[in-house]
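Q: Residues per chain, in single letters:
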Amino acid sequence: MISNTKIVGAVEIGTTKVTVLVGEIARGRELSIIGVGEASSRGVIKGAVMDFKAASEATHNALLAAEQSAGTRVDEVYLAQTGGHLEGFENEASVNVAAADNTVSAMDTDTVCRLAMAKELPEGRIVVHHIRRPFRLDGRLVPDPEHLVGRRLDVSYWTIHGLESKVADNTHVINGFSVRVTKLILSSLASGALITTAEERHNGVLAIDLGGGTTDFALYRDGCAHKTGVVAVGGGHLTNDLALGLRVQQGQAETLKLRYGRGTVHARDKKDKVMLIGDFSIGDREFPRLTIEQITAARVWEIFEVVRQKLGASFAPEKIPAGVVLTGGTAKLPGITEAAAKVFGTSARLGEVPAWIGENLRDPGYATALGLLHFSLNAQTDRATAPRRSLLSKLFATA
Amino acid sequence: MSKATATPFARTWQDINQSVNPRAMSKVSRQRRLVYTLKFAGIAGVLAIIVWGTVEIAETMGSNPNKLGLAESGPPLKDIALTTDGVLDHTWAERTLTLPKNATLMSLDLYALRTRLLAHGQVKAAVLTRNFPSTLAVAIQERSPVARVQVQVGDASPRALLVARDGVVFDGKNYDPALLGTLPWLDGVKLVHVGDGFAPIDGMDAVADLLATARNQAEHLYRTFEVISLARLASDGELVVRSKDIPEITFNTRDDFFRQLARLDYVLDLARAQPDKPLKSIDLANGLQVPVTIDTVARLQNSASASAPGAGLFPLPNSTHIAQRDF
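Chains as they are written, first to last, in my numbering: chain A, 4 to 402; chain B, 3 to 329.
It should be emphasised that the hints constitute simulated quantities derived from the structure, not laboratory data.
Since the structure is predicted, the reported quantities are computational estimates derived from the model, not experimental observations.
Beta carbons: idealized from backbone N, C-alpha and C, even for Gly.
Which chain B residues face chain A? A few, computed with CB under 8 Å, are given here:
| # | residue |
| --- | --- |
| 1 | A12 |
| 2 | T14 |
| 3 | W15 |
| 4 | I18 |
| 5 | Q20 |
| 6 | V30 |
| 7 | R34 |
| 8 | R35 |
Sample of chain B residues at the chain A side, in silico, Cβ under 7 Å:
| # | residue |
| --- | --- |
| 9 | F11 |
| 10 | R13 |
| 11 | V22 |
| 12 | A26 |
| 13 | M27 |
| 14 | S28 |
| 15 | S31 |
FRET-style restraints, in silico, Cβ to Cβ:
| # | chain 1 | residue 1 | chain 2 | residue 2 | range |
| --- | --- | --- | --- | --- | --- |
| 16 | B | I45 | A | M53 | 37 to 43 Å |
| 17 | A | R30 | B | V48 | 26 to 32 Å |
| 18 | B | I45 | A | G361 | 29 to 35 Å |
| 19 | B | V53 | A | N381 | 40 to 46 Å |
| 20 | A | G74 | B | F134 | 47 to 53 Å |
| 21 | A | L144 | B | I45 | 52 to 58 Å |
| 22 | B | V48 | A | G74 | 19 to 25 Å |
| 23 | B | V48 | A | D78 | 19 to 25 Å |
Generate the whole structure from the sequences, applying the supplied hints.
A: Below is the structure:
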């Protein structure tokens, strides 16, 4: 008898840490998170694998820890993909409805979709996602044009592509654990699907995942991802800025960032000092709180500015009534939502994970991995609910 | 209308070769794969054994179902193969076991049959084995009789029973009467009823040692032993033998029987040289000193002038010399 349970691993190979969640999907519609594994990331810079061996060891340690925590082996992996090499473009296609009575058939939708997806990429680049936007039938938005009447059917795709070598490196790290990658999902789409609701995505919302090495964003409109992008700047740069600006070591800068860093400048008194360690021991020093906040806020502001620039004309505050939703480890910085609100000129809030997720996984750092599990559940549900075509109908369809 | 097949699709991430390169595996991953392989091999092995066993059973049942049928429905018992170190024979075994007709090997209760054999005192140990298809093998170790004892229970006529070295009293079967006639009688023992028989007699190992030494080293003396009394064994550690010539010969169980027999032989040799002094008793229980009692009544009958003493000591040479005396 074939088991109704599938064990899925959600893996995010980040710049600062590798996160693995193990989910058990029962009967294609019930998800239980049964295992967690984490490891400090090594060999990964700005979301891209630079030292394959070190990255493999860190990832495999996290996978093994998650498997041991779950008490079972992972059947398949949903892998998050990020990195500055990822780019996207829009490709449109349109067809005239073939039927004499102008009723849109499955063949019309297939044709227009294939046309929209058919675009060659430069050498060495590979497609990561084809995100279909809603169909337009004679100019009106329709989620499913089949059986509707119209003359012209339009569709556009947001195609995300990246360097084949870097995508392959990411995939091969997982393959080295003797597991196949079932689906590669953009980090911003994974986290965005979790922290935003379907209604927000329909109305328009901007999801930003501030990671350690990269900042991923996804602009949703009409219920689907309209534009995505990756900025190769993340929380690690805040730490680096503090280390350079205050002339402290990276570890000390990280401590200062976590304790006193802010997304907006809050301190007013230049004499307000904070201690590096706090116990007046050898090496303990004091720093102006205002300086720390200025350094971190400047970088945060810059990140949001870059995101806004990358969104370009697609972004307008009035087009995203649901505002900006922030997640990722760096989103825990106090005042970061105010910074986002100022830069984007709209409301901003921290993303919240669904209520059914346990307390230990509610940290924004788990948003991407949880989003991957969300995708895996949807994929299983799609498979489970997909109508089974009989052999006869297949024969007619191919005729 | 555009043609969908006109433009080739770009490569997607799904075109990436995901075959596992062993060199891409970390140490952790290799260990995980090894554990998985071992587990898989173990489970596969167990399954293979189960399948093999099932096939074997199926084949056996298919070819000859009788092989797996109950043994009770097998062929009837044909023979009893008796092996013994004594005198019991096949007839005795059949009579004792009283196996039912048409009994099969598996229907036999070997434990009960063994108990039945051991109920005879002559049987010391018994091993019963099923030799398929139809033979019951019986291996018996028998007790050897050391002496005889006269038993009379109630008004019944007295009967002679045999006594083994371990003190077990039994009714000897299949022994040569001439052989039994050479066994001395026991005296001074109190038999205790236990069930259908008697409790083992204490001290028989000393009697057996004395008789064995006498039979092996001085058979001419052994042949004269008629009765051995155990009356003083418990109290004094002495065995009193009545022989054809001497009414009372006392042996000490604490000393070497061989030396005592040597002294006895010596004393008897001396006594034979003095036929006018018939001996009534010889006490070998005092080491080199062997007090003897002369039968004065017989002596008076033999000689009118009875001037010799009624008791005396025979001078014995060096004890070592006696011990090496060649019978």
